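S.K.: With chain A's structure known, arrange chain B on it following the hints.
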Amino acid sequence: GAGVSQSPSNKVTEKGKDVELRCDPISGHTALYWYRQRLGQGLEFLIYFQGNSAPDKSGLPSDRFSAERTGESVSTLTIQRTQQEDSAVYLCASSLDQGSETQYFGPGTRLLVL
Amino acid sequence: GENVEQHPSTLSVQEGDSAVIKCTYSDSASNYFPWYKQELGKGPQLIIDIRSNVGEKKDQRIAVTLNKTAKHFSLHITETQPEDSAVYFCAARGGRGSTLGRLYFGRGTQLTVWP
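Those protein sequence lines, which keep their order, are chains A and B.
Basically this note's numbering = 1-based index in the first sequence + 1146.
Basically this note's numbering = 1-based index in the second sequence + 1.
Derived from the structure by calculation, the hints contain no laboratory data.
Here the structure is a predicted model, which means the values were calculated and not measured.
Please note that the accuracy of each hint is not assured.
Examples of chain A residues toward chain B, derived with CB under 8 Å [as the list claims (entries may be wrong)]:
(1) H1175
(2) A1177
(3) G1188
(4) L1189
(5) F1191
(6) F1251
(7) G1252
(8) G1254
(9) L1258
Simulated pairs of lysine-lysine, BS3-like, Cα-Cα distance not exceeding 27 Å [what the hints assert, rightly or not]:
(10) K58(B) to K1157(A)
(11) K69(B) to K58(B)
(12) K1161(A) to K43(B)
(13) K69(B) to K38(B)
(14) K43(B) to K1203(A)
(15) K1163(A) to K43(B)
(16) K59(B) to K43(B)
(17) K23(B) to K1157(A)
(18) K69(B) to K43(B)
(19) K58(B) to K38(B)
(20) K23(B) to K69(B)
Counterexamples of contact, computed for chain B against chain A with all Cβ distances above 12 Å [claimed, not checked]:
(21) F34
(22) Q39
(23) R52
Beta carbons: idealized from backbone N, C-alpha and C, even for Gly.
Chain A with its partners taken away, still in its complex shape:
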């Protein structure tokens, strides 16, 4: 079946603008994760959704970052008042449920803040 998809694949924005990044998880996967990958770095956990439970937002770096998920489908990561240090690849992953260990990643959204 289809894998995790993300859009847009690339986004260039000006400092101070808001951006929205979208993730479509694998159908039937109840767990969804967002990660940030800065150039040459590992993946940094941002937020985690599991079914209808309250999300784990403990990885969000500031209150400019927020994310929502509609049921067990699409998720949107929003960055308000973007800063240059927000430039990174934003990766989404999904897994069957919280107990499932394997996470499947999307191709990422490359964000550049000028």
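M.R.: This is chain B only, laid out in the frame that chain A set:
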């Protein structure tokens, strides 16, 4: 929380040689250790994983070993090929409380296989 260290950051080998990447973790409750391969411009792809009740796992040219006592695990690639060139990430899955389910990643190893 969990802390994962990965070495080396870069690794160059000749085609046909073996490559070894090593990782350590800090939380003894971590119980799942995946390895991901990331090619340029793509998302990470799972290549092999190991659970804490197993010491070694092999899949064709790729093997992973786990030493729970020492809290380290390694990726071994034999008979390397140019298409193995990529960034490899190790990760550990949080095993307790608020860390449960999260993957904690190493900083990656850029593997280059020269023909």
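S.K.: Each hint should be assessed against the structure and marked as holding or not.
M.R.: Do the hints match the structure? See the list:
{"no.": "1", "hint": "H1175", "result": "violated (13 Å)"}
{"no.": "2", "hint": "A1177", "result": "holds (7 Å)"}
{"no.": "3", "hint": "G1188", "result": "holds (4 Å)"}
{"no.": "4", "hint": "L1189", "result": "holds (4 Å)"}
{"no.": "5", "hint": "F1191", "result": "holds (5 Å)"}
{"no.": "6", "hint": "F1251", "result": "holds (4 Å)"}
{"no.": "7", "hint": "G1252", "result": "holds (5 Å)"}
{"no.": "8", "hint": "G1254", "result": "holds (5 Å)"}
{"no.": "9", "hint": "L1258", "result": "violated (14 Å)"}
{"no.": "10", "hint": "K58(B) to K1157(A)", "result": "violated (40 Å)"}
{"no.": "11", "hint": "K69(B) to K58(B)", "result": "holds (14 Å)"}
{"no.": "12", "hint": "K1161(A) to K43(B)", "result": "holds (25 Å)"}
{"no.": "13", "hint": "K69(B) to K38(B)", "result": "holds (23 Å)"}
{"no.": "14", "hint": "K43(B) to K1203(A)", "result": "holds (25 Å)"}
{"no.": "15", "hint": "K1163(A) to K43(B)", "result": "holds (26 Å)"}
{"no.": "16", "hint": "K59(B) to K43(B)", "result": "holds (25 Å)"}
{"no.": "17", "hint": "K23(B) to K1157(A)", "result": "violated (34 Å)"}
{"no.": "18", "hint": "K69(B) to K43(B)", "result": "violated (31 Å)"}
{"no.": "19", "hint": "K58(B) to K38(B)", "result": "holds (17 Å)"}
{"no.": "20", "hint": "K23(B) to K69(B)", "result": "holds (14 Å)"}
{"no.": "21", "hint": "F34", "result": "violated (9 Å)"}
{"no.": "22", "hint": "Q39", "result": "violated (9 Å)"}
{"no.": "23", "hint": "R52", "result": "violated (8 Å)"}
Against the hints set out earlier in the document, violations occur for numbers 1, 9, 10, 17, 18, 21, 22, 23.
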